[in-house]
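J.: Chains as they are written, first to last, in our numbering: chain A, 179 to 621; chain B, 2 to 255.
Derived by calculation from the structure, the hints in this document are not laboratory data.
Mixed in with the good hints there might be a few duds.
In silico EDC-like links for lysine to aspartate or glutamate, alpha-carbon gap of 16 Å or less [unchecked claim]:
(1) A:K582 <-> B:D53
(2) B:K75 <-> A:E584
(3) A:K582 <-> B:D67
(4) B:K109 <-> A:E540
(5) B:K246 <-> B:E236
A quick note: this is a predicted structure, and the numbers were derived from the prediction, not measured.
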Amino acid sequence: MSSIENKDASSLKAELIADFHLSQAKLNGKAALPIHQLRGEAMQNFDKLGFPTIRHEEWKYSNVSNLVKQTFDFHTKTEFNQADLDKIPLPHLTGNVLYFINGVYNAELSQIATPENKLKVIPFSEALAQQPELIEGYFGKYANYETDAFTALNTALAKDGVVVQVADNKIVEEPIILRFISDVRLANVGSQPRNLIIVGKNSQVKIAEAYRTVGDNAAFVNTVTEIIVDESAMVDYYKVQSESDKSYHIGTTQVYQKGRSYFYSATVTLNGGFVRNNLNVVLDGEYIESHLFGLYVPNGKQHVDNHTVVDHRKPNCESHELYKGILMDKSTGVFNGKIFVREDAQKTNAYQNCRNVVTSDEATMNTKPQLEIWADDVKCSHGTTTGQLNDEAIFYMQSRGIPKKEAIRLQLLAFAQDVVTQIKIDSIREYIEELILEKLEGA
Amino acid sequence: MLTINNLHARIEEKEILRGINLEIKPGEVHAIMGPNGSGKSTLASVLAGREDYEVTEGSVTFNGKDLLDLAPEKRAAEGIFLAFQYPVEIPGVTTINFLKTAINEIRKYNGQEPLDAAQFLKRMREKAKLVKIDDALLKRSLNEGFSGGEKKRNEIFQMAMLEPTLGLLDETDSGLDIDALRIVAEGVNQLRDGKRSFVVVTHYQRLLDYIVPDFVHVLYKGRIVKSGTKELALELEEKGYDWIKNEVDALEIA
Ligand SMILES: Nc1ncnc2c1ncn2[C@@H]1O[C@H](COP(=O)(O)OP(=O)(O)OP(=O)(O)O)[C@@H](O)[C@H]1O
Ligand SMILES: [Mg+2]
Chain A
179 MSSIENKDAS SLKAELIADF HLSQAKLNGK AALPIHQLRG EAMQNFDKLG FPTIRHEEWK
239 YSNVSNLVKQ TFDFHTKTEF NQADLDKIPL PHLTGNVLYF INGVYNAELS QIATPENKLK
299 VIPFSEALAQ QPELIEGYFG KYANYETDAF TALNTALAKD GVVVQVADNK IVEEPIILRF
359 ISDVRLANVG SQPRNLIIVG KNSQVKIAEA YRTVGDNAAF VNTVTEIIVD ESAMVDYYKV
419 QSESDKSYHI GTTQVYQKGR SYFYSATVTL NGGFVRNNLN VVLDGEYIES HLFGLYVPNG
479 KQHVDNHTVV DHRKPNCESH ELYKGILMDK STGVFNGKIF VREDAQKTNA YQNCRNVVTS
539 DEATMNTKPQ LEIWADDVKC SHGTTTGQLN DEAIFYMQSR GIPKKEAIRL QLLAFAQDVV
599 TQIKIDSIRE YIEELILEKL EGA
Chain B
2 MLTINNLHAR IEEKEILRGI NLEIKPGEVH AIMGPNGSGK STLASVLAGR EDYEVTEGSV
62 TFNGKDLLDL APEKRAAEGI FLAFQYPVEI PGVTTINFLK TAINEIRKYN GQEPLDAAQF
122 LKRMREKAKL VKIDDALLKR SLNEGFSGGE KKRNEIFQMA MLEPTLGLLD ETDSGLDIDA
182 LRIVAEGVNQ LRDGKRSFVV VTHYQRLLDY IVPDFVHVLY KGRIVKSGTK ELALELEEKG
242 YDWIKNEVDA LEIA
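Here chain B stands alone, though its shape is the one from the complex (with noise of 0.2 Å):
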């Protein structure tokens, strides 16, 4: 589904992706560990195609397609979403007004007739149930004003209306309490049908008990420099980092 290839990215002179190798198959949930300001967010952002960053070098392909010709929008209508790490606040668009058109135009890209008031709010209250988000939410300015968790609930009430094939989630899980944690995650996980793919960026074992990974990768110094499976994430909290930065560092050096 997603092949990336030798991928480098760098901004403003400042190279932070140095190379990553990675191959995701459909149904696949990837755990990306690692330090802070090792690349993570930055990898994230360059799959779902912001500008800021440059790729210098290393290609990656999205179901047979080019992925980093395509325009953010049509990488979305392609079926990759970004949950951000600090959703942005749109003053004066309320989240149903905002998911209307951004339904609309995915389908519209693929071919599809657009969803009708009633289509529109059948899918819009099975998945605020999801991750149960408040109706009076939505009405309001999309996270104008959310707390940092309702912030969060949103992304994944946005991911689960957009139906997307591959979700990347960038520390999802960072700014949420236990309750929170577990209604994000369950939602995650009902979103996981065996063909649906995701990218999990996070910090901690704990979201990784409900979302169980297929595979973990620790990046580090904008590569990914250790694979492992599930365990090696019990093993990183267990130890942290720095027998992985030690080893990496040595080598560098070497």
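Okay, chain A solo, but in the shape it has when bound (with noise of 0.2 Å):
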């Protein structure tokens, strides 16, 4: 069977695979660890599982062909400094700033805020190397490795990436901003950052992960980041993507959340050529909220595929789903929202909408909604709505003065703002405002 899968196999599956037995070969002593022990379990199931395909379900619009007949190089040395950065600002930036060019941590760019008593924020690389006792309860507990692909690769082969811990009882008042930069100046580049995130009983931080690309070659991102919310802890997570259009992102974002917990979230993707976000969130305690928001606003070919599960385990908990897209010339966009209410879940609230707004007639929106509810008292809902923009609203602006170009934008401006409001650490909405505006310009 694996000869056969072997044979068909992507260059680029051959390729994580001889890395994978090179990196093996360097552990010396400690490949009996646990840790590696998944490690390697994980680069097995990937072998078994190769890259999906469009005949697969959970990967029927969005087709990695393309990704995966490309090579990438996983090992660059990227000159990237502070220079190169002052290129691609992100304005007002403040607290703990954490930088990963291709994946790696870089300490000189980056800086910390908040007291170690507090917060112990540690590159996962680090981790790995010295400290695996920390990680061991975490890594890996959370996110799907077996069933899949990219989780599996990540979880394999992931180098760095940040373990972030909050004590309990702390507020966090300094937002953690991981900016993740592919720098494909000279090569295409591939990054698998793995980032842990694990906040105590009661305590409070927002945290949000930007991505961008630097330069004109192909980057593929496969990020993996695992978050455990425990007890009564309030946790603000956002995502902001703008890469390039030769960019491939694969994103899993693995929530665990705790009895009486709150998680809120935002997934923003303004650019990038291909995107594909798995937002998954357990809820596995009473009296927990989520809230998922989400925002995508692809032009150009750009592809865009959101993919959430919220996984209601236990009883009086509430979720809050609303995902909106505007979708421009050619672009094509995805929404699949899963929502488990399993039979212990009774009181159950689940909510979920998608709205999207088609500017072209060549842009496309698949949207799936899957509600499976084993329990009888629940209260769930459900919509998704695609539609044009509204042409008698334009009409009017128009009669009041305003040029239909800029009666498009403050339509679809109003629309996203549903979404940009939710996002509470200033730097990165305003952040998100900015590229909001620039991409809209050529709506």
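Two chains, two frames, a set of hints: combine them into the complex.
T.: Written as structure tokens, this is what we have:
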């Protein structure tokens, strides 16, 4: 079986498998550690699964065949420095700002503002090499490396990223901003960041991941973030993507919530050729609240796919989900939202809504809500709409002196506003507003 | 100021305006009346530049310019304002921000500097008083969830803010109670300055009690079939449209 698999395996797959064996060889005595055992298992899974094709139910509308035909350098040394950074500003950043260039933590560019008794921030590479016991209890325990090929790949091969640990009963005032930059000025570059965010009981923290590309070659970002929200903790988590047309971004955020915790997220995709976001939230305790917001504004030939899973396992929880899309030109969008309400999860309130505006005849949006409910005493609703711009509203605005282009822009901005206003890190929200304005210039 | 000459317009193969002639001079108020479906809103919409209608014949000049050649926003910038019969709800855009954008676009078109925040606020306070519109309303999304009367008042408020030279009021009186009607009418009257002109589309004499027209026209089947002074409106109030319809229909058969 595996020999057949290998025959039609993509060059990328072969490259990655070879890469894994190389890294194994360098482990010396550590290969027997549980964490490396787990990585080996993950690699086996990836080898078996291979990259998904559109025959795979979860990848029906998202074709990675162009990705797997290419090769990427996963080991480039980059010269990326402060001067380069100044060219891709994210103004007014304050707090803890961490930079990852091609997936590798860059201490020189980064700053930590919160004292260590509240917040521990350790590069994943360091945790892996020096303090495996720190992550052993969490790493790979949540994200699915068994049947999800990209997560398996990341689990096996992730070199860096960050481990964030918030102690119990702490309010972290300063946001944590993780900026991931693919520097593809010299070659196609692949990176597989792995982040582990552990938020202690009754603590509060705001975290953002921001992705960008610098340069004209292709980028492949395969990222996995695991977030553990302990009892009564509150986590705000934002993901902002503004990558290049030639980039492929596949990201999974796996969230595990315990009782009375609160998780509030927004996933905002502005630029990037091919984007697939998986946001999976497990509500494994009572009185949990989860909010999932999303906004995607693709143009050109961009493809943006958001898959979400909200898994209600215990009673008395609520989840709210609102994803909004503005699709222009020849772009394509996918929204697949699963809600599971397990047998135990009585008195669940789960709401899901996906609304889209398509501004061109050539853009398409595929939406698929999937509710699976095994409990009987629940309130669930879902709805999806895909419509055009409101011509009557545009004429109304024009009749008051506002040029058509500006009228369209105003209408789209207003549409996006529901999600943008959810973002409570000012610098990130302003950055997104800026990117949206830029993007809608061409609407 | 405005000269409409033999204007024909249609929508989806259906001819709605069938040869309108009308001359409006600065400072005049023209009332346009007529039965449902006669083309009153169509006329107002064509003048404002709604794209759904196709002008098949005729011309409209506004202050010497070929109006039909201009995009709707340019017509607005040239001084035309249409108060909609059915104002549109615009979620997510507050009336204040909407008007700031509109005013400054119009000023830009006319080569003027944008209003600064203080000037804008001053004008807004002044004009809000004119139609007794509440500050809180202006901070809400434009027309969203407004009552019928609030929407109409908001139209007049916007007109006051934009200071057009020709106001087209399409049934601004419908849906208003007596107090609101008086407020709206007084608002309009305060904008009458001897130069600004109005076209008032209405079914009711009661609005014309407040906004006294210089001329009254009856639109029927896409043509102005009768014109007169304010007394014509009183006559219509009394006798209805049947006598005019009969006259016209008899002529058409003959
Ligand atoms: N979008 C459209 N598609 C088809 N027919 C239309 C459209 N808009 C208007 N019409 C028709 O054109 C005719 C004139 O309509 P218009 O709205 O101008 O009448 P009106 O005089 O304003 O009537 P009312 O007094 O009821 O407001 C009507 O027969 C109407 O059905
Ligand atoms: Mg009408």
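J.: Each hint needs a verdict: does it hold in this structure or not?
T.: Hints and how they fare:
no., hint, verdict
1, A:K582 <-> B:D53, "15 Å, holds"
2, B:K75 <-> A:E584, "13 Å, holds"
3, A:K582 <-> B:D67, "20 Å, violated"
4, B:K109 <-> A:E540, "34 Å, violated"
5, B:K246 <-> B:E236, "14 Å, holds"
Comparing the model with each numbered hint stated earlier shows that hints 3, 4 do not hold.
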